[in-house]
Structures are given as structure tokens and as C-alpha cells.
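Protein chains in written order, with the working numbering: chain U, 1 to 598; chain F, 1 to 324.
Because the hints were derived from the structure by calculation, they are not lab data.
Warning: the hint list may mix true and false statements.
[Unchecked claim] Here are the simulated EDC-like pairs of lysine to aspartate or glutamate, each with C-alpha atoms no more than 20 Å apart in a straight line: (1) K508(U) with D150(F); (2) K515(U) with E101(F); (3) K508(U) with E117(F); (4) K121(F) with D205(U); (5) K121(F) with E191(U); (6) K508(U) with E101(F).
All figures in this text were calculated on a predicted structure; none of them were measured in a lab.
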Amino acid sequence: MSDSDMTNLMLPRRRFVKGLALGGVLATMPSVLRAGQLSPHTRLGSAPVLQGSEINLVVGQSPVNFTGVTRLATTINGSIPAPTIRLREGDDVTIRVTNRLSVPTSIHWHGIILPFQMDGVPGISFRGIAPGETFVYRFTLQQSGTYWYHSHSGFQEMTGMYGALIIEPREKEVIQSDQDYVVQLSDWTDEDPMRVFSKLKIQGDVYNFNQPTVIDFLRDASNGGIKDAMQKRRMWNQMRMNPTDLADLSASTLTYLMNGTTPAGNWTGLFKKGERIRLRFINAASNSFYDVRIPGLAMTVVQADGQNVEPVSVDEFRFGPGETYDVLVEPKDDAYTVFAQSMDRTGYARGTLATERGLSAEIPDLDPVEWLEMKDMMGSMSHGDDGAAMDHAAMGHSMPGMNHGGMAMDHSVHSTHQNPLAMPSQTVRHASTEFGPSVDMRVDMPRTSLDDPGVGLRNNGRRVLTLSDLRSRDGILDSGIPEREIELHLTGNMERYSWSFDGLEFGKSTPVHLKHRQRVRVILQNDTMMTHPMHLHGMWSDLENDKGEPLVRRHTIPVQPAQRIGFVTTPHDLGRWAWHCHLLFHMDAGMFREVVVS
Amino acid sequence: MKIEQIIKTAFAVGALTLISPLLQAQEHSGHGTMNQEKVTEEKMDHKKMGHESELETEMLETSKPHLSGNSGSMDNDTNMGANVSDLRDPHAYSGGYTLTEGPYVQSGPRQLKLADEHVFKSFLANRFEYDSDSEISLYDVQAWVGTTYDRLVVKAEGDINKGTLKESQTDILWSHAISTFWDTQIGVRVDSAEEGESRQWLAVGVQGLAPYWFELDVAGYVDVDGRTALAVEVEYELMLTQRLILQPRAEITGYGKDDEFNGVGQGLSSSAFGVRLRYEFSRQFAPYVGVERTKMFGNTADFARSAGETSSETRYVAGLRFWF
Numbered sequence: 001m002s003d004s005d006m007t008n009l010m011l012p013r014r015r016f017v018k019g020l021a022l023g024g025v026l027a028t029m030p031s032v033l034r035a036g037q038l039s040p041h042t043r044l045g046s047a048p049v050l051q052g053s054e055i056n057l058v059v060g061q062s063p064v065n066f067t068g069v070t071r072l073a074t075t076i077n078g079s080i081p082a083p084t085i086r087l088r089e090g091d092d093v094t095i096r097v098t099n100r101l102s103v104p105t106s107i108h109w110h111g112i113i114l115p116f117q118m119d120g121v122p123g124i125s126f127r128g129i130a131p132g133e134t135f136v137y138r139f140t141l142q143q144s145g146t147y148w149y150h151s152h153s154g155f156q157e158m159t160g161m162y163g164a165l166i167i168e169p170r171e172k173e174v175i176q177s178d179q180d181y182v183v184q185l186s187d188w189t190d191e192d193p194m195r196v197f198s199k200l201k202i203q204g205d206v207y208n209f210n211q212p213t214v215i216d217f218l219r220d221a222s223n224g225g226i227k228d229a230m231q232k233r234r235m236w237n238q239m240r241m242n243p244t245d246l247a248d249l250s251a252s253t254l255t256y257l258m259n260g261t262t263p264a265g266n267w268t269g270l271f272k273k274g275e276r277i278r279l280r281f282i283n284a285a286s287n288s289f290y291d292v293r294i295p296g297l298a299m300t301v302v303q304a305d306g307q308n309v310e311p312v313s314v315d316e317f318r319f320g321p322g323e324t325y326d327v328l329v330e331p332k333d334d335a336y337t338v339f340a341q342s343m344d345r346t347g348y349a350r351g352t353l354a355t356e357r358g359l360s361a362e363i364p365d366l367d368p369v370e371w372l373e374m375k376d377m378m379g380s381m382s383h384g385d386d387g388a389a390m391d392h393a394a395m396g397h398s399m400p401g402m403n404h405g406g407m408a409m410d411h412s413v414h415s416t417h418q419n420p421l422a423m424p425s426q427t428v429r430h431a432s433t434e435f436g437p438s439v440d441m442r443v444d445m446p447r448t449s450l451d452d453p454g455v456g457l458r459n460n461g462r463r464v465l466t467l468s469d470l471r472s473r474d475g476i477l478d479s480g481i482p483e484r485e486i487e488l489h490l491t492g493n494m495e496r497y498s499w500s501f502d503g504l505e506f507g508k509s510t511p512v513h514l515k516h517r518q519r520v521r522v523i524l525q526n527d528t529m530m531t532h533p534m535h536l537h538g539m540w541s542d543l544e545n546d547k548g549e550p551l552v553r554r555h556t557i558p559v560q561p562a563q564r565i566g567f568v569t570t571p572h573d574l575g576r577w578a579w580h581c582h583l584l585f586h587m588d589a590g591m592f593r594e595v596v597v598s
Numbered sequence: 001m002k003i004e005q006i007i008k009t010a011f012a013v014g015a016l017t018l019i020s021p022l023l024q025a026q027e028h029s030g031h032g033t034m035n036q037e038k039v040t041e042e043k044m045d046h047k048k049m050g051h052e053s054e055l056e057t058e059m060l061e062t063s064k065p066h067l068s069g070n071s072g073s074m075d076n077d078t079n080m081g082a083n084v085s086d087l088r089d090p091h092a093y094s095g096g097y098t099l100t101e102g103p104y105v106q107s108g109p110r111q112l113k114l115a116d117e118h119v120f121k122s123f124l125a126n127r128f129e130y131d132s133d134s135e136i137s138l139y140d141v142q143a144w145v146g147t148t149y150d151r152l153v154v155k156a157e158g159d160i161n162k163g164t165l166k167e168s169q170t171d172i173l174w175s176h177a178i179s180t181f182w183d184t185q186i187g188v189r190v191d192s193a194e195e196g197e198s199r200q201w202l203a204v205g206v207q208g209l210a211p212y213w214f215e216l217d218v219a220g221y222v223d224v225d226g227r228t229a230l231a232v233e234v235e236y237e238l239m240l241t242q243r244l245i246l247q248p249r250a251e252i253t254g255y256g257k258d259d260e261f262n263g264v265g266q267g268l269s270s271s272a273f274g275v276r277l278r279y280e281f282s283r284q285f286a287p288y289v290g291v292e293r294t295k296m297f298g299n300t301a302d303f304a305r306s307a308g309e310t311s312s313e314t315r316y317v318a319g320l321r322f323w324f
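All chains, full assembly: derive it from the sequences and hints.
Below, the structure is given as C-alpha cells:
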């Protein structure tokens, strides 16, 4: 066992889940690695803010302590999160990034439309930033809203290299607020991320402490009879799948952070009564989906991925790494808890909105762990499931044209019908490479509904945001029926801990070629039991529903298990771009494709 | 003879287990070449289908299996499904470009290499235990190094008594993934024995996860003198709680002919059934206690008796399971 493994064994679990009250970046100390020692200068709370059209960033290492153990983090200008950069739409910006690490680094401007050479993906858009080197990013801002930036090299993002990027609109701001806070969620592990990955490779469920047990079985058997209890487990056991495999990592190694602060540290955003607050939620976690709510306070979602959306009022929203949501709240009481529990219900990030520092509100209990449902495994055709009947109707009866008209191969037969590309095709076409050791599941009847909040949020009595609630406020950037449709499947083998597109990991794949300015529909079908936040660099994706109606412009789209979604894009910028799952380990395992626009 | 029948059956089962995934893999590779034909067929079918009532079409659609595992019966169902005959070429969207060729590519060799091209390694001490009655320590470890689909695997098992290695069996294998849950393994096995003769075998086997989470390791062996052997090992992990785990385990071995030097006889030679209860302080570190019943059969049992040993015994053990 390595040192860090031993450390994890010895640390009280509570420390991991809640962290230290003063956890964070330690001020530079001569005796930097004296474990357990806290500097009185420990920095808490919000990142420094950098403004203007010329920005200087320095990448280095800083000692941090979130759990009682001092570790070295990868930081930008010595802070976690990295400085919040505030820029203005239409400006030409110059950002100088100096690498003080002993290994190459990079910064990717997540969701920003720019020339590919400035996109910051080593090996695809540029060569990376060598140790000691300064790379100058120059681009013109063509958009406004809430974004973020992070390293695209190795696991540097996971060890602290992420920061908020706020772009003020050139014209008047349509979202009016009195207070404006960035709420950046992330996750921290004391372990070496490569070691974490290697453990998953050896035993995929190594961090899952919510597995079905004999005691659960006995409880089910006494509640509903042995037969039902067996039935509930039969399929999972036959398939060798785990119904609680909701996140590869859990609070057994992760501490969940809000603005770089542990739950015990309680990041606090201040307000005066009667004020309207804008919260810019950024999921900068390497591996954690968060379910965010502010008990007692309704949130009005006004932006998704930096783009204004028609306001929608919700109690809760789920978002994955790479996604951002801006919400407005109007608090009446003195203090509210901003509660972000991890999707697997093992821990939470937490902060407070309060009228004065030191106040806090009740912290809710974590929701119970729920098993994945049949529809997460089988898509729309699961039997004996309440939701399935509806899905069935939607797929078969109410849209009779879909099975035929949507088929790309059927031009000759249905030439009198409307353009077949007007609607996303519903015919599942697996890739030949999906049959082999790299894939543990294939869905033949995927669900296409976007109104499912996902496992753990389905019947919790709260109004939960779904993709079908979102409408771009400014309409769709590029209109028109796509000229081409491509279908790719998200695949994996949990037992071997391998993730891929179409059963091919990055090293075995070839790029997806898109024609410059040609509108194209991409269909992503998730043939796995995990939700993947899919991030396509360099262009906007207009998410559409199963009728081909465009809903919302995104840069990162979460695709649920056994779900099939379509989005339409027009690549305006030439070059090579990355396209990957934003769960860092899924990306690193191979769920990564290159896109060539020429 | 009864024992002969048992061993024959065991060999047949082993061989089938070996072959069936291979057959499956072949079936799949066949799809690639059949693709073109089937697509044409499907087109025609659809023309015909156009005249059928919509309901019928739906029935056809819905009667298809909706989900497939990669092995087992479900998979076979899918192979007959219409979807599978309409497979995509995963490189069809590439426009002929590759990661190292085409416009805007970075010059020089490919820089970006992800974990799918990395080498990983693991060491698992599955049983590392002591039996105070016989004063025997036993080790059963498995180590591997390699990629996701191809690995060098070393399996080592042996008994140590008063500081000397009494007997040991070490398999050095190339392990290759052939389906979702199964690896084929080929290599050599080296036996050493304090009393007896060392043997070297050619080893061929499969290792993987059977439905219902049974971990199965089946290996057949042959040596230069024409001796054959078969070993089957099954393990299961029953989670009593998140950290308290009961591990039943069964192992049977058989030999093709008598090997008096090493005290093994033709046919089913020995079996071991045990349960071990471990507590995982961490997933990687778990002490355990257990009980194991071992039994020898046929000539093997006779050899043991004539050497003054018992042919069956119950052992109480304490040990440690760990991996890194």
C-alpha cells in the first residue's frame, strides 16, 4: 500500500466528508509539508478576481489541507479555485500563462468559441505549455455569460486547476440582480489521481460503499417476500451489473468543495434583505454530479452553459462536470444552506447565503441511495415500470412516422415525405466494434424523453429541472435542417473500467470529420448505465427533442443511461477539436474523440 | 469407472467453456463482412414493410430484444435481431483522416495518449494464511501487468512449512480479453515439490466472471510426457455488510494419469471447499478467518494413505487478503 492509502485508512471518515473548517490553500510556509499543521493564514472562500483585457496566470504547486493531511495541489496564481477572470464580450483578450511546474501544462477555455490553436488541448490544438515556458492565448470574445477554465493535461484539473470565467455582455445585461456570486463546485482527493484510476482499473467498485448486501436482501424479503427480493436482483446479477454504480468515486476518497471550501468551512455569500441574488453555479468537479438545492428558496434558472434561457423556477437541479447554471434567488430569511449533494449520496458540498457572516441554516440529510431502474438499463421498453408505458406510447403510437421517415437509408421509399433529416432517426445502429470485450451493454430500444431528472431525483417531491425545461432565450444561432446525421454510442465496460465511443477507446479511434459550416445532427446514444456529460469543444450544440425541435444551446450535454439524444451543430471554426465525457476518468479511459473541421 | 467419467465430464465442460467465447467472437466478426448484404436485405424488407399495417411494424419493432449483455443467452438473442445486421463502421465518419494524418494535425508523433494506451499493474494476495494445526502457511497470489485487454499474469500458490517451501505451483500466462467478462490465458505452469519431482506444463485456460458474479478460473495442462491435468476454481463474494464479506470457494483438480512421484492419481484427485469471512478495513486490506474441507479421491487418496497421511481433513485458517 502507498502512503496515501495508509493515510486514508487512518483518517476518520468524517474528515473526508466534511473536511476541515479552515481547509484550503496554505500560505507559503518554509516547512511546507509538515503534515497536520495549519497556517493561520489559510485562505478561505472566494478566489481573487482578475479583470481587463490582459491577464497573467502562473501555474505552480501549492500546499493545501482539506482533511487534516497536507498535500501539494496544482494551482493558478496560488489559489483554489483559480482566479475568477471577468472579461467583456467583444474584447480582444491576451492571457499569458506561465508554467512553473516540472511537467507540461495547458489551459482550456471551457465553452468559449475561439480559434482552435487557442483551445488549449495538448496534442490536438497545440503542443502544450512546456515547463518554464509562457504561452500567450489571444482571442476575441464572441459571447457572454458564465464559463470556466481548467487544465487539459493529465489530472491537473483534479488537483486544483480550475477557475471561473465571467464574460459581461457588450450590450445591457438582461439578467438584473443586486448580488452576483460565483458558486464553483469541485471535488478533492488526498490520493494521487493516477493511483485512484489504477485502483478503479483493478477493482471497479473499490469506492462504492453502497452495494447491495445480504442485510438489504433480508429487509426486502421481509417487506415484499423472497420472490420479489430475488426478482429485484435477478437481472443485475445475471448481467453482472451493479445497481448502485452511480459514481466511480465517492466520499470515501472525495471531499466535496464549494468555492474551494469544505462543508465544515462553510463558504458564505452575504446579502441584504430584499436583494435579488444571482448565483453562477459551475460544476468544476473532476468526477462528481451534484444535485443542488437551497431548502426554502425557489431558484429561477436563467442561464445554462452561459446562454440565457427562458426563466424556469425549480427547487433543485442536477448538473455534471463541465455544465454551468445561473439562477436567481430572492431570500427572505437570514440564512439559507446552499446544498449540493453528490449523485451517489455519499457526501455534499455546502455553503450559506446569509445576511451576516457566521450565520448558518439547517443542513438537510443526504437523500437515500436509490438503485438504478430498469429504464436506466433497458431504455424505453422496460416492462413492469410505470414510466415505461408512457415512453412506449410516445415512441410507437403517437409518432408513427418515426420508424420509417426517420430512417436515413429510406430516401427512395419515402421521397414524397418531408426531409428525413427533419427528425432525428430512431433506428438504433450499433457499431461493429460494440461487440467485444470493450462493451458490457447495448441498448436496442433507447428512451428519447428529456423530461427525466434521472436516478435519485425521480419522485422526491421537489420540482427538479430537466433538459426539456430549457429554451434558449435568443433562439437558435444557426437554423435549418441538418444536411447530415451521424450517430455515435457512448460505451463502456465497468468490470474492466474502460470507457469509449462505439466500443473504441481514443487510441483506437479515428477523428469525426465535420464539414466547415455544414449543419450536422449528432445522435448520442448512451449504451452504459452512467450519465455522461458530453463536452464538444469549439462549437455550440443545439439540443433538440425527439421531434427535431431545437430547445437549448449547450456546450456540455449530459446523456442519461439508455438514453438517445440529438443535437445539431454548425462548425464555424476550422481545426481539430476535442470531444469527450467530462468525467475526468471516463475521458482518460478513452471516452474521447477528435473532431476535424475542414 | 465413476471417477473417470467425472474427469471426462470435467474436461468436456472445461473445453466447452474455453471454446464457447471463441465461437461467440467469431460470430461477431462475421457481422462485419455480412454487413453489406444485410443492409440490402433490410432495404427490401422495409419496402415490403411499408405496405404492412403500422401496428404490425410496431409489433415487429417491439418484439425485438432490447438489451444485450455480451455473453450468455441474451447475446445470442440479439444476434438474431434486425439491429445487429445493420452495424455501423465506427470509422465511417472519419473522412479517411486519422489521429496523425489529415488537416490541422500536430506534427510529429502523436502526443496525446490516454489511459487506454497505458500499462497498469496489480498484485493481489487472495489467500495469505496460516493453519496452526499443521503449521502450514499458504500463499495464493495473482499479479498482472499490462493493458486493458492484454496482460502478463502470474498466479502462484504454495505451502510453506517451517520456513521451507513444501510445494508450489506457478503459472505464467499471457491473458487476452475475448469477451466482456472473459479472458483466455495461455502459458506455462511450473510445479516444484520438496518431496517428488518438479513438472513443467503447458497451460491453457479461461478466467472471468460468470453470471451471478461467480469468479471462475478453469485451466487445462499438458506436459512433454503426455500428462494432463485440469483445475477448476470458483469463488463468490457475499456482502454481509459493506465491509464484512463471506467468500465461499471451491477448487477441484484432476489428472490424466498416475504420477506416483508426486502422489497424484488418475481421475479426480482432490477437492477443497472453504468459506472465509473477511473484514475490509479498507477495500485493499482485509484480515479473515475461515474453514476449509479438503478431500483426496481415488489413487491420490491411496498414495496419501500409503505415505501415512490422511486423505481428507478440515482446516481452520486465519489470514490476510490484500492488494495494491
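We went through each hint and held it up to the structure:
With a CA separation close to 15 Å, the supplied pair K508(U) and D150(F) stays within the 20 Å bound. Taken as a hint, the K515(U) and E101(F) pair is honoured in the structure, with Cα atoms around 17 Å apart against an allowance of 20 Å. Annotation: proposed proximity of K508(U) to E117(F) holds, straight-line Cα distance about 9 Å (limit 20 Å). Restraint check for K121(F) and D205(U): the C-alpha separation of about 17 Å stays at or below 20 Å, so the hint holds.
Between K121(F) and E191(U) the CA atoms are separated by roughly 17 Å; this keeps the pair inside 20 Å, and the hint holds. A hinted pair counts as satisfied when its Cα atoms are at most 20 Å apart, and K508(U) with E101(F) qualifies at roughly 14 Å.
The earlier numbered hints are all upheld by this structure, with none contradicted.
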